[in-house]
Amino acid sequence: MKECGKKNFLNILMNKLILFLLFIICSLQVSVEEGQVNFDKDAYPFTSETKESLFYSLLNELRCPKCQSSNLAGSNSPISNDLKREVYELVVEGKSSRQIKDHLVDRYGNFIIYNPPIEPATYALWFGPFILILLSALVIILVRKRII
Amino acid sequence: MKKIIDALPLVVFASLIIVLFSFLSDKDDQLETALIDSSFPDFNLGSLSDESRLLTKQDIIKLPALINVWATWCIACRVEHPFLMKLKEESILTIYGLNYKDNKLKALDLLERDGNPFEFSIYDFEGRLAIDLGVYGAPETFFIDKNGLIRERHVGVIDERVWEEKFSKYLNE
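Just so you know, the sequences run in chain order A and B.
In this text, residue positions in the first sequence follow my numbering: the first is 357, and each later residue adds one.
In this text, residue positions in the second sequence follow my numbering: the first is 12, and each later residue adds one.
These aren't lab readings, by the way, just hints derived from the structure by calculation.
We put the CB at the ideal spot given by N, CA and C, even for glycine.
One or more of the hints may lead you astray.
[As the list claims (entries may be wrong)] Residues on chain A that point at chain B, a partial pick, calculated with CB under 7 Å: (1) Pro-434; (2) Asp-438; (3) Gly-465; (4) Ile-469.
Could you build the full structure based on these sequences and the hints that come with them?
See below:
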């Protein structure tokens, strides 16, 4: 009987461990995909390295409006290529990251940036998780103190 | 009190499900339009029918008007074509075309064959005016009021229902 309980415990532990590993692997996958951009660098020639790195960081931060779940860097749709050209031209003109993002937000709305500004429409997005954490903490405390 | 608190998670969960489901029934994935109530962007592009004729914002003079983003590669554009023809034939309002990333000959051919609902079509092969309008696909339709302001935008096929729901109210202003 005791033996059986031990086996059960080991089983549960193994299951948890596998779940945990799966979770880690899944998160790794995402970060690899984000970091990897295969690019024909010759298509966008730059005279300075700062401009070049600004260009590629913007491509990672800007969202493709057509595909909706990938950034400009990861999309080869015609609209993405047009926007890459637009961003390229603005970078070459010497516009700052802020100016370029504003330029695109004026046309496509906040949707186009993966890092939306904090404003009433995005309060739930920015503060929602913290409120949930607070609520959960509150519930846990109440349960522990046997108030509930 | 205890009963209420016990029921709370269920209530919260149920309302979350309801909220998320309501997003599901939002069938068109229309992006917000950043340009509502702003004036039509400046442009400088050739005409589809005559490349030597340069068109600018000053050529869009018959207002109120629709600007319809179309292309021959866009199947949905053919679906809405008869409705645009109807708007033109019944002289409801002027329609300007924005021919988007298209083959010029094919585009002219299509207008020849199926009829031309447009006062003229702007030929935007590189999608420049399209970016200034926040276009992300075709078809898209913009309503410009008599003061030259963009008042409404629709992504997807425009038909009788869309016209009645989204556009016609601006015509009667």
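A/Asp-438 as an interface hint toward chain B, with CB separation required under 7 Å: This hint holds: A/Asp-438 lies near chain B, its Cβ roughly 4 Å from the closest one there, short of 7 Å.
Does A/Ile-469 hold up as a contact with chain B if the rule is Cβ-Cβ below 7 Å? Given a least distance of 12 Å, the restraint on A/Ile-469 is violated.
Min Cβ distance, A/Gly-465 to chain B: is it shorter than 7 Å? Since chain B brings a Cβ to about 4 Å from A/Gly-465, closer than 7 Å, the hint holds.
Under 7 Å is the threshold here; is the Cβ of A/Pro-434 close enough to any Cβ of chain B for the hint to stand? Holds, about 6 Å.
Consistency with the previously given hints fails for number 4 only.
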